[in-house]
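Engineer: All chains, please: the whole structure from these sequences, using the hints.
Quick note, the sequence shown lines up with residues 0 to 522 if you use numbering that gives the first Met the number 0.
The reader is advised that the hints may include incorrect statements.
Unchecked claim - Calculated pairs, DSBU-like style, for lysine-lysine (alpha carbon to alpha carbon, straight line, at most 30 angstroms): (1) LYS272 x LYS244; (2) LYS196 x LYS294; (3) LYS272 x LYS32; (4) LYS155 x LYS244; (5) LYS294 x LYS219; (6) LYS294 x LYS244; (7) LYS196 x LYS244; (8) LYS294 x LYS155; (9) LYS246 x LYS272; (10) LYS294 x LYS246; (11) LYS416 x LYS294; (12) LYS219 x LYS32; (13) LYS155 x LYS196; (14) LYS196 x LYS246; (15) LYS424 x LYS294.
Said to hold, decoys possible - Restraint ranges, calculated between C-beta atoms of paired labels, are given here: (16) ASP438 x ALA116: 42 to 48 angstroms; (17) ALA216 x THR479: 29 to 35 angstroms; (18) ARG182 x GLY160: 19 to 25 angstroms; (19) ALA241 x PRO53: 25 to 31 angstroms; (20) GLN301 x THR479: 43 to 49 angstroms.
Hints are computed from structural coordinates only; laboratory data are not their basis.
Since this is a predicted model, take the numbers as computed values, not measurements.
All C-beta atoms in this analysis are idealised placements derived from N, C-alpha and C, irrespective of residue type, glycine included.
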Amino acid sequence: MKVGGRPGIRACLWGALLSWFGVSGASASPVGKPNIVYILADDLGYGDVQSLNPERGRIPTPHLDRLASQGMVFTDAHSGSSVCTPTRYGVLTGRYAWRTRLQSGVFSGYVTPLISASRLTVPALLHQQGYHTACIGKWHLGFTIEGASAGEASQKGAPLGAVTNDGPVTRGFDTFFGFHHARIMESVFENDRVTRKIEPVAMLPALVDQTVEHIAARVKSGQPFFLYLALNAPHTPIVPGAEWKGKSGLGDYGDFVMETDWAVGEVLAALAKEGVQDQTLVVFTSDNGCSPAAKTEDLERQGHFASAQFRGYKADIWDGGHRVAFFVRWPGHVEAGSSSSRLICHTDFMATCAEILGVTLPPDAGEDSVSLWPILSGRDGGPFRESVVHHSINGNFAIRQGAWKLEFCPGSGGWGKPADAAANKQGLPDLQLYDLSTDPGETTNVQARHPEVLSRLSELLQSSITRGRSTPGPDQLNDTEVNVRKTKPKKSPKEAAAPVHRDVEIARPRLASLPALSEPPRP
Numbered sequence: 000m001k002v003g004g005r006p007g008i009r010a011c012l013w014g015a016l017l018s019w020f021g022v023s024g025a026s027a028s029p030v031g032k033p034n035i036v037y038i039l040a041d042d043l044g045y046g047d048v049q050s051l052n053p054e055r056g057r058i059p060t061p062h063l064d065r066l067a068s069q070g071m072v073f074t075d076a077h078s079g080s081s082v083c084t085p086t087r088y089g090v091l092t093g094r095y096a097w098r099t100r101l102q103s104g105v106f107s108g109y110v111t112p113l114i115s116a117s118r119l120t121v122p123a124l125l126h127q128q129g130y131h132t133a134c135i136g137k138w139h140l141g142f143t144i145e146g147a148s149a150g151e152a153s154q155k156g157a158p159l160g161a162v163t164n165d166g167p168v169t170r171g172f173d174t175f176f177g178f179h180h181a182r183i184m185e186s187v188f189e190n191d192r193v194t195r196k197i198e199p200v201a202m203l204p205a206l207v208d209q210t211v212e213h214i215a216a217r218v219k220s221g222q223p224f225f226l227y228l229a230l231n232a233p234h235t236p237i238v239p240g241a242e243w244k245g246k247s248g249l250g251d252y253g254d255f256v257m258e259t260d261w262a263v264g265e266v267l268a269a270l271a272k273e274g275v276q277d278q279t280l281v282v283f284t285s286d287n288g289c290s291p292a293a294k295t296e297d298l299e300r301q302g303h304f305a306s307a308q309f310r311g312y313k314a315d316i317w318d319g320g321h322r323v324a325f326f327v328r329w330p331g332h333v334e335a336g337s338s339s340s341r342l343i344c345h346t347d348f349m350a351t352c353a354e355i356l357g358v359t360l361p362p363d364a365g366e367d368s369v370s371l372w373p374i375l376s377g378r379d380g381g382p383f384r385e386s387v388v389h390h391s392i393n394g395n396f397a398i399r400q401g402a403w404k405l406e407f408c409p410g411s412g413g414w415g416k417p418a419d420a421a422a423n424k425q426g427l428p429d430l431q432l433y434d435l436s437t438d439p440g441e442t443t444n445v446q447a448r449h450p451e452v453l454s455r456l457s458e459l460l461q462s463s464i465t466r467g468r469s470t471p472g473p474d475q476l477n478d479t480e481v482n483v484r485k486t487k488p489k490k491s492p493k494e495a496a497a498p499v500h501r502d503v504e505i506a507r508p509r510l511a512s513l514p515a516l517s518e519p520p521r522p
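Structural biologist: Next up, the structure:
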């Protein structure tokens with residue numbers, strides 16, 4: 000919708016929209032400066048948490064279950080992507096990663112950072128507000144290495160003493176202790192250099208020890224702190240410690256989930272020990288769904304469904320790829336034992352922090368971030384988020400609005416079956432449309448029955464791309480062209496002969512285009 004008229008009227012309209020969506024505008028009543036701990040598990044499925052999947056979950060997770068009972072549980076929360084790197088970008092920037100050069104897949108080796116040095120990040124925002132900011136754990140957003148050849152660094156990890164000049168401490172964090180990604184986990188960085196080498200099985204306990212020490216030190220300092228704790232578990236290599244082997248009765252993956260649960264419990268215990276439990280906002284979630292590398296078929300045969308009732312796993316466009324556990328605890332501010340079925344995304348973290356602190360985000364920050372504070376504080380009168388855009392490992396898109404989910408691929412968009420190539424051979428439609436209110440397992444494609452929904456959701460996705468943002472505010476530029484269609488849709492002879500018309504507006508340089516859908520694509 001085009002907003003015109005006198006500047007005063009336009010300002011009032013934008014102000015109403017900003018208030019409606021809960022983004023960008025400063026809070027009328029900031030609630031202070033809580034410590035903030037954001038715990039991001041790696042490849043933990045929605046159904047791996049016992050309290051979220053009581054009927055089809057077989058792995059005990061007592062610490063996560065207790066955390067869920069102490070705060071608010073979001074049952075329709077989604078990672079920005081169904082794989083690691085793009086999701087982490089969204090958490091820390093409030094922006095979908097498909098707006099960047101990373102159009103599919105994840106980073107491998109040491110590469111130029113995905114987060115631009117000029118982009119505002121959550122830690123940078125909090126640092127400006129007087130917080131000490133720390134990253135402990137997995138980074139996987141790119142940084143380059145000095146002191147090692149590209150091949151050596153990529154295959155074996157950076158050697159002792161290797162230095163990075165564009166790591167996490169250049170993207171808003173005061174300190175960093177951790178590693179880049181799972182395939183080169185052995186190289187442990189402290190701030191800007193490799194200070195030790197450890198075996199993967201020792202990584203999770205090392206992160207826990209570092210976190211406990213860090214919390215004690217920050218509490219002693221008296222300065223509010225933000226801790227971004229990005230666990231390595233239960234991602235591959237699936238290496239539970241000796242004391243956890245055999246605990247679950249479901250194999251190494253079940254054991255590693257139990258150890259991950261223990262790790263979260265240790266962090267929560269440290270906050271309680273230091274007397275800051277009530278002054279700390281804790282978020283727990285996962286970067287995407289459970290990986291098939293966990294031997295999900297074997298787990299299912301034993302009665303454990305890591306995606307609960309949802310279809311697919313990590314990498315897929317289906318909900319099992321990106322619907323995640325999401326718990327928020329802040330005693331005295333977030334009601335214990337509460338839950339929300341609102342549609343939310345990891346990108347919402349930035350706007351949430353901004354509203355809690357009473358900060359106004361600049362127009363070129365948090366373009367896809369919507370504050371959760373109205374929900375968390377019990378003021379959720381709706382409406383809330385307009386939509387969430389999903390993205391698979393192959394770069395396939397989906398968009399969710401209300402109960403409707405439209406997927407721009409014929410298959411999983413990832414590793415699930417059927418993959419897109421197999422789906423094409425089977426003659427499946429180029430689009431998938433599901434009504435999640437009646438079909439949460441995405442079993443019945445109703446795209447042929449609802450052309451009006453296809454049109455509306457296609458236009459909504461197109462708008463989110465071409466405007467460079469999915470929230471109210473001035474249009475922004477994507478970093479590169481964004482292509483929604485990974486394969487050309489099938490056409491009838493009549494459609495194939497028709498001339499192609501393109502909208503001049505969506506052909507602007509550096510902005511994306513989405514082919515208009517005048518009617519549902521045919522099988």
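Engineer: Any of the earlier hints contradicted here, and which numbers?
Structural biologist: 5 and 17
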